[in-house]
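Q: Sequence:
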Amino acid sequence: MSMNPRLVRFKGVSANLGATGEIELDFGGAAPTGGTSRVVKFELVRLKIRRTGGTAANFTPIVVEATGATTGDIEEVYTGPATAVGTLFDQSPSGKVGRTNAAGKAFLIPGWDADVDNDCNYEVYVKVWL
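Using our numbering, read the sequence shown as starting at 6 and increasing by one per residue.
These are computed hints drawn from the structure, not numbers from a lab. From the three backbone atoms N, C-alpha and C, an ideal C-beta is built for every residue, glycine too. Please note that a few of the clues may not be correct.
What the hints assert, rightly or not - Label pairs and their in silico Cβ distance ranges:
#1 79 - 128: 19 to 29 angstroms
#2 18 - 96: 18 to 28 angstroms
#3 92 - 9: 31 to 41 angstroms
#4 121 - 8: 35 to 45 angstroms
#5 8 - 124: 34 to 44 angstroms
#6 10 - 122: 31 to 41 angstroms
#7 124 - 87: 13 to 23 angstroms
#8 119 - 9: 36 to 46 angstroms
#9 17 - 91: 13 to 23 angstroms
#10 107 - 62: 31 to 41 angstroms
#11 87 - 57: 13 to 23 angstroms
#12 134 - 58: 29 to 39 angstroms
To be verified - Here are the simulated PhoX-like pairs of lysine-lysine, each with C-alpha atoms no more than 20 angstroms apart in a straight line:
#13 110 - 46
#14 101 - 46
#15 132 - 16
With the sequences and hints as input, model every part of the structure.
A: Here it is as structure tokens:
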């Protein structure tokens, strides 16, 4: 494993998400090759989300190591503060380290408080160790 981390950015658009809807963060390009496991250690550096449509009034972003995980689960890496939808969520948490699942994936849950029609732009910056 390299001692020098590499900065990786995930950027995208997501549509029609509800309260538990997940955005897949695929570390495939950052994961080691060979073997059956593609687990990658990462540190969350910055998280940005802006809702672009939908009916939610607030959201509480969560980053987790496993699909289906949520706040309070052992797979939770970070839960941000509740944020009004008209506000750009832009946080740089400190010391939030996680591992991807065996397929090399982690998950961002915007955490909308209403309906299933919410759209957003997002950027996630992480340091990875290979």
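Q: Decide, hint by hint, whether the structure agrees.
A: Cross-check of the supplied hints:
For the pair residue 79 and residue 128, the supplied restraint of 19 to 29 angstroms holds, since their beta-carbon distance comes to about 26 angstroms. Remark: the range hint 18 to 28 angstroms for residue 18 to residue 96 is upheld by a beta-carbon distance near 20 angstroms. A C-beta distance of roughly 35 angstroms is found between residue 92 and residue 9, which places it inside the suggested range of 31 to 41 angstroms. Distance hint for residue 121 and residue 8: a CB-CB separation of about 44 angstroms, consistent with the stated range 35 to 45 angstroms.
Evaluation of the 34 to 44 angstroms hint for residue 8 and residue 124 yields a pass: the beta carbon distance comes to about 40 angstroms. A hinted range of 31 to 41 angstroms for the beta carbons of residue 10 and residue 122 is consistent with their spacing of about 37 angstroms. Checking the proposed 13 to 23 angstroms range against residue 124 and residue 87 shows it holds: the Cβ atoms sit about 19 angstroms from each other. Checked against the hint of 36 to 46 angstroms, the pair residue 119 and residue 9 passes, with Cβ atoms roughly 43 angstroms apart.
In this structure, residue 17 and residue 91 meet the distance hint of 13 to 23 angstroms, their C-beta atoms being roughly 21 angstroms apart. A hinted range of 31 to 41 angstroms for the beta carbons of residue 107 and residue 62 is consistent with their spacing of about 37 angstroms. For the pair residue 87 and residue 57, the supplied restraint of 13 to 23 angstroms holds, since their beta-carbon distance comes to about 19 angstroms. Between residue 134 and residue 58, the C-beta spacing of about 37 angstroms keeps the proposed range 29 to 39 angstroms intact.
For a cut-off of 20 angstroms, the pair hint linking residue 110 to residue 46 stands: about 11 angstroms separates their Cα positions. For the proposed pair residue 101 and residue 46, the alpha carbon gap of about 11 angstroms is at most 20 angstroms, so the pair holds. With a CA separation close to 15 angstroms, the supplied pair residue 132 and residue 16 stays within the 20 angstroms bound.
In summary, the structure agrees with every hint in the numbered list given earlier.
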